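Number of protein chains: 6
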Amino acid sequence: MPVVHITRRERFSAAHKLGRPEWSAEKNFATFGKCSNPNWHGHNYELWVTVKGATSAETGFVVDLSALSRLLHEHVIDQVDHKNLDMDVPFLKGVGSTTENLAVAFWKQLESPISKIGGTLHCVKVQETENNSVEYFGG
Amino acid sequence: MPVVHITRRERFSAAHKLGRPEWSAEKNFATFGKCSNPNWHGHNYELWVTVKGATSAETGFVVDLSALSRLLHEHVIDQVDHKNLDMDVPFLKGVGSTTENLAVAFWKQLESPISKIGGTLHCVKVQETENNSVEYFGG
Amino acid sequence: MPVVHITRRERFSAAHKLGRPEWSAEKNFATFGKCSNPNWHGHNYELWVTVKGATSAETGFVVDLSALSRLLHEHVIDQVDHKNLDMDVPFLKGVGSTTENLAVAFWKQLESPISKIGGTLHCVKVQETENNSVEYFGG
Amino acid sequence: MPVVHITRRERFSAAHKLGRPEWSAEKNFATFGKCSNPNWHGHNYELWVTVKGATSAETGFVVDLSALSRLLHEHVIDQVDHKNLDMDVPFLKGVGSTTENLAVAFWKQLESPISKIGGTLHCVKVQETENNSVEYFGG
Amino acid sequence: MPVVHITRRERFSAAHKLGRPEWSAEKNFATFGKCSNPNWHGHNYELWVTVKGATSAETGFVVDLSALSRLLHEHVIDQVDHKNLDMDVPFLKGVGSTTENLAVAFWKQLESPISKIGGTLHCVKVQETENNSVEYFGG
Amino acid sequence: MPVVHITRRERFSAAHKLGRPEWSAEKNFATFGKCSNPNWHGHNYELWVTVKGATSAETGFVVDLSALSRLLHEHVIDQVDHKNLDMDVPFLKGVGSTTENLAVAFWKQLESPISKIGGTLHCVKVQETENNSVEYFGG
Chain A
2 MPVVHITRRE RFSAAHKLGR PEWSAEKNFA TFGKCSNPNW HGHNYELWVT
52 VKGATSAETG FVVDLSALSR LLHEHVIDQV DHKNLDMDVP FLKGVGSTTE
102 NLAVAFWKQL ESPISKIGGT LHCVKVQETE NNSVEYFGG
Chain B
2 MPVVHITRRE RFSAAHKLGR PEWSAEKNFA TFGKCSNPNW HGHNYELWVT
52 VKGATSAETG FVVDLSALSR LLHEHVIDQV DHKNLDMDVP FLKGVGSTTE
102 NLAVAFWKQL ESPISKIGGT LHCVKVQETE NNSVEYFGG
Chain C
2 MPVVHITRRE RFSAAHKLGR PEWSAEKNFA TFGKCSNPNW HGHNYELWVT
52 VKGATSAETG FVVDLSALSR LLHEHVIDQV DHKNLDMDVP FLKGVGSTTE
102 NLAVAFWKQL ESPISKIGGT LHCVKVQETE NNSVEYFGG
Chain D
2 MPVVHITRRE RFSAAHKLGR PEWSAEKNFA TFGKCSNPNW HGHNYELWVT
52 VKGATSAETG FVVDLSALSR LLHEHVIDQV DHKNLDMDVP FLKGVGSTTE
102 NLAVAFWKQL ESPISKIGGT LHCVKVQETE NNSVEYFGG
Chain E
2 MPVVHITRRE RFSAAHKLGR PEWSAEKNFA TFGKCSNPNW HGHNYELWVT
52 VKGATSAETG FVVDLSALSR LLHEHVIDQV DHKNLDMDVP FLKGVGSTTE
102 NLAVAFWKQL ESPISKIGGT LHCVKVQETE NNSVEYFGG
Chain F
2 MPVVHITRRE RFSAAHKLGR PEWSAEKNFA TFGKCSNPNW HGHNYELWVT
52 VKGATSAETG FVVDLSALSR LLHEHVIDQV DHKNLDMDVP FLKGVGSTTE
102 NLAVAFWKQL ESPISKIGGT LHCVKVQETE NNSVEYFGG
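Chains as they are written, first to last, in the numbering used here: chain A, 2 to 140; chain B, 2 to 140; chain C, 2 to 140; chain D, 2 to 140; chain E, 2 to 140; chain F, 2 to 140.
One should not assume that every hint holds.
All copies of an identical chain are treated as equivalent in the list; a pair is satisfied when it fits inside any one copy or across any two copies.
Said to hold, decoys possible - List of simulated lysine-lysine pairs, DSBU-like, C-alpha gap at most 30 Å:
id, residue 1, residue 2
1, Lys35, Lys109
2, Lys94, Lys35
3, Lys28, Lys94
4, Lys94, Lys117
5, Lys117, Lys35
6, Lys109, Lys94
7, Lys53, Lys35
8, Lys109, Lys53
9, Lys117, Lys28
10, Lys53, Lys28
Source of the hints: derived by calculation from the structure; they are not laboratory data.
All figures in this text were calculated on a predicted structure; none of them were measured in a lab.
All chains should be modelled from the sequences, with the hints used to inform the complete structure.
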């Protein structure tokens, strides 16, 4: 059966800031600019997860998108939506919440669960604003 | 000269939470749901400001959009972008940061400055997510 | 308290066709064009519901958007999503499923329930495609 | 029958510049900024035309959207798409091509033809960029 | 000459349902959920076709986009727009209308005609809703 | 450290036309259609630049997006925004302003500067209209 890429979008709204706690406010501002505001800021993030696989001859599905959506909620969205990415999310502890790091961290959350529903995780894309986004393809 | 409505969009990213400080966490959660997360969450807000006025016979402008954009930055965007709406913004002190209250507060910031560049403020629209927005027409 | 307009977007995907059953296929095609295809076609509809009201001094809300969303699902979305608008929807029986008629029919479904949660229905907007939409303000 | 507002979007791509021919380049730059570039610039414009009217009991239409689209092409789009708004468009001769003036000029082009297909022109909206737009309601 | 990828978007609105005719309604619902509604539902689909090729030194084109658009209409859009994907489309007969299967079927329709206008089909992307899409790269 | 792809969007509005100066108007129209209008037309272009690289263990960045944005403005946007692509842009002299050629020309402008801020240019995407875009991956 043909191998296709299927993509599901989910959204979450979260607070965060950039900055290393051991650095001074000045050094953080010099490095991270307005993103280092001590009292946080936030975004409406968009998460695009692409799964690769052969379509089933029986269903015409690579994976059931309802199952994929539930999985994305369980392993990512429910843990980050309406949260502070730097304070409230166990799997992000000690990870600076740059969009780059979020994409990699979400990949780690998702790779194994997606393999269990029969797909192969191909890409995690995180969009922070309409102008900025990151894609991670693993590896 | 014909009277038209001209709209300028600006964007800002901010943290906030909903909840009355004198209420218990339980009551705040019952009232405001996940928006009451104690450690904040955040959004990419969009601000649409509509100015009404007669077009100038000389320029064909109601107001100079560059001047309007600078004004919106000075009186709103620069004060809320990459900030915590509940902690960092003097003109929002004591105002619960619902989208309704933001629209009204931004109107108060903008009405007088816009009149000074020759326009009449007609509508402030604040979009919190792709699904939720508020318009305020004054009065 | 200031009176504002708050808008909630919901989405649904449905099949429909245009045409009067008592007319010939030729007359239906002459009147409704490709929208009269006998075997149906369909759309991803967007529904924008605007509620007008004074903000609460206590909560800063006109209406609780979560409650509004549940209400929209109960009275409209759950009845039309992944349905055939001409065959499956009791409140649309005998109503040609033009976007104009949908907007009016959704208004009738929503006006009373919205008044019961403390708001006044101001506008129902139905978007059929990225190029076509209808607004109904009652009356 | 209920009165509704129906909106059709069309698009066109055009060159233009702002500036009064009798003014110096310096004065035009001081007034119109980068929009006065002598060698033109351009935009993907979006035109949203809203027609108000009672729905037909027979068809459920205010106006046939296919007829409306053809009318918009004949009276506006075909004359401005892939054109220079300041050089190629008879009905814009002597009209500075600000978005404000375009909205008014398009209204004049459309009001009478729309009345002939049974609708009342309610609003012409012209969007110049994702951040700038103008609405004209006549009068 | 440099090799680039050029993408053209087209849109179509269609009805469909998911489900194997030889299965019971219960099994179809268990497998395909609300997408198995017997009376159909529908979508505004978006089709993105990417063609790869060297740019012509003479024209700066990989392929003439007008020719590509006509080709997409002839081989796909005109056959699926305002149709029932499961009843009205010869090249989809016996193919369950999942987005995965649509992407593969459209590829088969397009690969040869695109090669005849001098391009190489690189990707067919079908977007079913704002949250769901499929890409097929052949093979 | 993981290798990710980071994308920044910028926008510019410009005039252009297609056509070879040594060809007749008839031949240009036969080849380039309405894009050959002698008095120009224009677009709101979107530029998406994707940079590939390992995330920094110290900052969590591949490249500082603020630095990337400044670089894009210096080497591309400031030279093309509110300009005539065929008359005003030194690095496009003698290059027909098809979207294909723009993507390649922007790549040449950006490859070296991006390497100097520590990233590797991966893709330049230029979107001319909501329906047409080109991606160039170098080589």
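So, going through the hints one by one against the coordinates:
no.	hint	verdict
1	Lys35 <-> Lys109	both (29 Å within a copy, 25 Å between copies)
2	Lys94 <-> Lys35	both (22 Å within a copy, 21 Å between copies)
3	Lys28 <-> Lys94	both (22 Å within a copy, 29 Å between copies)
4	Lys94 <-> Lys117	within (26 Å within a copy, 32 Å between copies)
5	Lys117 <-> Lys35	between (41 Å within a copy, 24 Å between copies)
6	Lys109 <-> Lys94	within (14 Å within a copy, 40 Å between copies)
7	Lys53 <-> Lys35	between (38 Å within a copy, 24 Å between copies)
8	Lys109 <-> Lys53	both (16 Å within a copy, 20 Å between copies)
9	Lys117 <-> Lys28	between (44 Å within a copy, 22 Å between copies)
10	Lys53 <-> Lys28	between (42 Å within a copy, 26 Å between copies)
In this structure, none of the earlier numbered hints is contradicted; all agree with it.
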